[in-house]
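Sequences and hints are given; from them, build the entire structure.
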Amino acid sequence: MTSSKAVRAALTAALALGLVAAPASAAAAEPEAAQSQAAPIAWGKCAEDVLALIPVAERPKVSCANHPVPLDHSRANGAKIDIALMKRPAPDQSKKIGSLFINPGGPGGAGLRYAGFGANFFTPEVMERFDLIGFDPRGVGRSTPLRCFKTSEEADAVFNRMYDVPVSKQEIDSHMTATKDYTRACAQNAGPLLKHMATEDVARDLDLFRAGVGDKELTYVGFSYGTLLGATYANLFPQRSRAIVIDGNVDPKLRTHNGTQYDRERAQGFEIALDGFLKRCDAVGPKCALSGGARKKFDALREAVKVKPVTLPNGTVVKYGDLIGRVAGNLYQPATFTALAAWLQSIHAVLNPGVMVAQDAPELAPAHNGRLDFLPLEDGPYLADDSYYGVNCTDKPFVRAPQLFPFVAKRWERESPTFGRSQAASDLLTCASWPVPFPDRYSGPWNRKTKNPVVVVGNYYDPATQYEFARRMARQLGNARLISVDAFGHCILGKAAGADAAVTRYLVDLKAPDNGQVFHPNVQPFA
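Residues 3 to 529, numbered by the working numbering, are exactly what the sequence shown covers, in order.
None of these hints come from the bench; they were simulated from the model.
Here are the simulated BS3-like pairs of lysine-lysine, each with C-alpha atoms no more than 30 Å apart in a straight line:
# : residue 1 : residue 2
1 : Lys497    : Lys289
2 : Lys182    : Lys308
3 : Lys513    : Lys218
4 : Lys47     : Lys63
5 : Lys171    : Lys310
6 : Lys281    : Lys412
Quick list of the computed label-pair ranges, beta carbon to beta carbon:
# : residue 1 : residue 2 : range
7 : Ala81     : Glu417    : 38 to 48 Å
8 : Asn449    : Thr318    : 48 to 58 Å
9 : Lys451    : Lys182    : 38 to 48 Å
Computed from a prediction, not measured in an experiment: that's the story for all the values here. A virtual CB, placed ideally from N, CA and C, is assigned to each residue, including glycine.
Structure below.
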């Protein structure tokens, strides 16, 4: 008889290599004629706290709605949830092509305010020809939220026992126990919405929005996780897809069939971006404070902080989780690279007395945490949402064996020494005990042909969605064009004039860009 130790070793190896995946439940694409009649969206005045989210100049232009959609799309006449939407209208409605829907990613990104920030992503021509519509997807923000706790105190009692990067046995044990308590709280408190958080559900919501504004076909731009939403819509409703642009792409097949391998490769993507950052640092010389053997310096300080926190001259204590989280977050934003390098050099200087540190180093901007616009926790009721895991643990299958986390974390850390452990500590562990073990979700096929090509945009050094994912997305879709940008950072629209011009012609004139074009960002790091 095979020993339990041998079984565990074999399963650990398979899991770490991405060879084992939980069963996938592939939903069939809905026939085009099966769509129910969608109610028109009733636009009205936005609440003051919603208006406060957008620039002052945009506030008089926008309108808002709370639009009901089915909790369960297989029961269209059953229970409803509300989705919060914001519209920024085209200035001359007589020249309007239609509505352009935006999703900022996450998952769990609150997209409501993005209607008021169109100038950050789109050319003036696009903003003149479309009503821009942002929305908080189901479970998120001002839509009907998914909440695993009733009070902030309950949430803090769990979250305060978690670690961004658990290393020691005490940290690992605490993190694993707190994670089980978290998923248990979700089972107790989240309610029926917990079973209806798949990207497929959001895609069907989106189709109701399209019909609700009177558009026969969807025009859509999705960022990061929003690329999975765009790909899902294009395959559920290919004949209703007018123009879909997806920027910062996931690998849809891998993500929906093997969450373990997907997250393993995601860690590798962060390593690629970090390596590019360190090489660029050395290439620009004195413009980068960490230059002169940047890779060697970084590896040494990372290993030192892993053993013992470092106290900077200003009194700031840098723990290992702080270091990994800061570097990961700032890799999203090339504009922060100069400050990030100065911060890393300051740690290097503490560890190596006598090393000079620039006195006029720029202030380090807040790190991007990969999840957008969560409502803050306040005293009293729990006001944040738990949609990040609600979506990921529905869409991404994982082996339901949380006890394997320490072994997988160690394996991933060997191949991705900066980001492997932190990546394993997130979805892989949480989703292993998620209280919806066999969710309904869409996992393909991904090759249904749309009338117009889907435009796939990828950065060479995107940390969160590595460039190879964009290449796979373009290959998997039934009709797609890939354009690339030789750039750092997560997503690129609004930051590369060539790519923006190509996307404008596609959105406005349906002229798809030539496949394989490579563009450059408007501003290079350390400029």
